[in-house]
Amino acid sequence: MLIQVSVYQQIISTISALILFSSFILLTQKSLFGSINIFAFQSFLLFLATLLQAVILHENSMYFSAVITLVLKVISIPWLLYYFVGRLRIHQDKIVPKHPFLILLGALFLVVYCYHIIVPITLFSSLMEKHIVVVALSVILLGMLLMIVRRNAIIYVLGFMVMENGLFFSALMSTQGMPMIVELGVAFDLLIAVILFGVFFFHIRTSIETMDVDSLNHLREDLE
Amino acid sequence: MIFNLMLFFPCLGIIFFILFGHYRMAGMMNICFSFLTFLASVGLGVNTVLSSGGSLLFWNNQFYVDAFSLCLIILTTFISFTVAIFSRQYMLNNLDENRINARMLQFYFIMYQAFTLTMLLVYTSNNIGILWISVEGATLATALLVSLYRTPESIEAAWKYFILCIVGIALALFGTLCVYFSAKNVSINISGAMLWTVLHQHAAILNSQLLMLAFIFLLVGYGTKIGLVPFHFWLPDAHSESPAPMSALLSGLLLNIGLYALVRFKMLIDPNLGTHLIGILMMAFGLISFLFAGFTIFRKRNIKRMFSYSSIEHMGLITFAFGLGGPLASFVGLFYMIIHSLVKSAIFMSLGNVIQLTKSKDMGEIKGLLQSYPSVGWTLLIGTIAIVGFPPFGIFNSEVMLVIATLKQYLFIVPIIIIGLLLSLGGIMYNLNPVFFGQSTDDVSSLKVCLFPIVLNLSIALYFGLHIPHGFMNYLNQATSLIAGRGILS
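Note that the protein sequences, when read in sequence, are chains A and B. With positions in the first sequence counted from 1, the corresponding number in our numbering is that position plus 174. With positions in the second sequence counted from 1, the corresponding number in our numbering is that position plus 18.
Hints should not be assumed to be uniformly reliable.
Here are the computed distance ranges between Cβ atoms for each label pair [said to hold, decoys possible]:
#1 B:L465 to A:F275: 55 to 63 angstroms
#2 B:V421 to A:F275: 51 to 59 angstroms
#3 A:I369 to B:I306: 29 to 37 angstroms
#4 B:F316 to A:L301: 53 to 61 angstroms
#5 B:V60 to A:I369: 32 to 40 angstroms
#6 A:D386 to B:F26: 43 to 51 angstroms
Note that these hints are calculated values from the structure, not bench results. All residues carry an ideal CB built from backbone N, CA and C; glycine is no exception.
Here chain A stands alone, though its shape is the one from the complex (with noise of 0.2 angstroms):
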C-alpha cells in the first residue's frame, strides 16, 4: 500500500534532513568562514520551516518567531562571527579536523542512538513525527560532539549554537514553539551569549595569543 505523504510532509521532510546534512558537513569543515556560512544557511532552514509552520497554522506569535529566527541567526550572529575573525585576524586559520572519519562514524552512531530513544514513546503519533524529532534530538547532540571534537573558539560557539538550532526544531515541530515570552527570552539570552564570547575571544587572544583552546590548560594542578 502507497503512503500518502502531503506536500507539507515532504517540504517539511526535506527541510529536516537538510538541517541534519549541514550539521554533519560542519563537523568537517575546514574554514573557518565557510563554518560561519553553513551555520547561516541551517538557520535559514530553520526560519524556513518556522515560517512554513506559521502558515499552516495561521500563528500570529509564529511568524514572529520566523522573524526573530531570521533576524538573530541568520543576519546578526554570523555577522557577528564574521566581524570577530576579522578583528582577531585569523581568517587565514585553517582548521582541520584530526579525524574526519572516527567522527563522521561517531556522529552517524549519535543519530542512530537518537532513533533508539525516541522510536519507543508512544506520544509520537506518526512516524514523519517521531523522524523529526530524531533529528532535531540529534542536531542537539551533533552540535555537542562539534563542541568536543574540534579545539577552536569559533567553532564553539558555532557547536553551541547548532544545539540551540536543535532545541529551537525539536520545539517548532513537537509543540509548535515555546511561548513567546519563554522564546523571547531564550533570544536575549542567546544574543548575551554570543557577545559574552566576543569579549572572551578578545581576552583569550591577548592572554595566549592563540585561538586554539587546548592550550587554555594551566589550571591543572594537583601534580606539583
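Using the hints, position chain B against chain A.
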C-alpha cells in the same frame, strides 16, 4: 506590592551603577540595595506566611512563591547582603592595589545586582521556561566576573565555566521542552503548560516515558550547575580564580539554583512515575560526587581549590538527601542547603582576607595564621570547624540527621557516607594544620579587612546548630511537606 519591590531594588541597583558605579561610594550603595532587597524579601516572607494557603501568585500567575522557594529567597537576599558588606572593603583594597580599575569595579557592581535579580527570578518563577532563562542569565552575569582580574588563569577558568554551563543548560532546555510537550499533549492550554501550579494539578496524566527522558536531560543540565561529578570541571577553577566575594556567591548561592530546579522537577515527576527511579539517579550522582571530592580533597595545594572541592562534596550530599526522598531526608536536604550556604560563603570571604593579606593561595606558603593575623585566622578556623562537621554548628546536625534518614532505607550506604565524611575531615585538617599553627613569617601586612559579615554568617550557622526556633522549624516543616508530601512534625 512587596513582591514587586523585591524585584525592583536590584533593577534600580543595575541602573544606578550604570550611571554612578565608578565612584568609590558605589560599594556603600551596593550594600544599601542588597539590604533593601533583603528587607523586601523578609516582608514577602511575612506576607506569604500570613496568606491563607501559604503560597502566593503574582503577575498573572507567572510568579509563584511558596514555603520551599521562600526559604531560598530569604537565604539568597541575606547572603548577597552580607557578601555585599564584605565586597566593599575587598574591592576597595583591590582598587588601591591596582588589580582592577574603576571601570571594572563599576562592572562588578552592575553584575552583582544582575546576579541577585536572576537568582530571585529563578526562585520566584512559576514558569519553567522563565526558570531556564534565569538560570542561564545567572551564568551569563557571573561569567565575566570570574575573569575580573584578567590574568590568563582567570580567563581560562571563566571560559571553562561559561562553556560548560551554557552547554549543560542547553540540554536542560531540551528537558524543559519535553515536559512542556507532554503537558500540551494532554490538552492543557498553551498559557498553562509551562506553569508549575498547572503542571502539578495534571502531574498524574502526563506521559511517563517523556518525563523520564526529560529528567535525564534536566539532571545533566542542572547537574552541571550543581557541580555533580562528571560535570564538575568548571567548579574548582571558577571558584579558585574569581575574586573572593564572587567565590562566596558562586559557592553559597549559585550551586543552589540548579538543585532547586532539579528538586522542583522531581516533585512534579515523582508522583507521575510512581517509582523511586529519579530519586535513585539523584542519590547515585550525589554519592559519586561526595566520594570523589572526599578522595581528592587531601591532595589539593591551593587553599581555595580545596574548599571548592568541599563544595562539590557537600552539594553531592545534599543532592543525595533530596534523592533519598521522604520527609526526614527532604527536611535535612533543605536545612543542610541553608547552613552550607551560610558557612561556605563565610569561608570564602575569610579566604579572601587571607589571600589579600598573605598574597598567596598556596597552602605551602601560608603559615601560622593564628599568630600573624589572629582575627582573620580564627574566623577561618571556626569556619573550617563548621564545614568539616564538628558540633555545635548546623552542618553536624544535618549530617547526623542524614545518616539517620539513610539508616531507615539504605543501611549499606551509611558506612560509605561516614567514610567520606571522615576522609574530607582528615584531608582538610591535614592540609590546614600548618596554615593555622605553623611558624609564621615576620612581615605582617596592615591591610584593612572586613570581618563582620563572616562572623554574622557563622553565628547564624552556630545558632541553628544549637537550637532551631519554633517558627523556623514550622516553616521548614511546611516546605518539607511540599517536597515530600508530608512533613516531619505531625
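### Task
Report the numbers of all earlier hints that the structure fails to satisfy, in ascending order.
Violated hints: none at all, because every hint is consistent with the structure.
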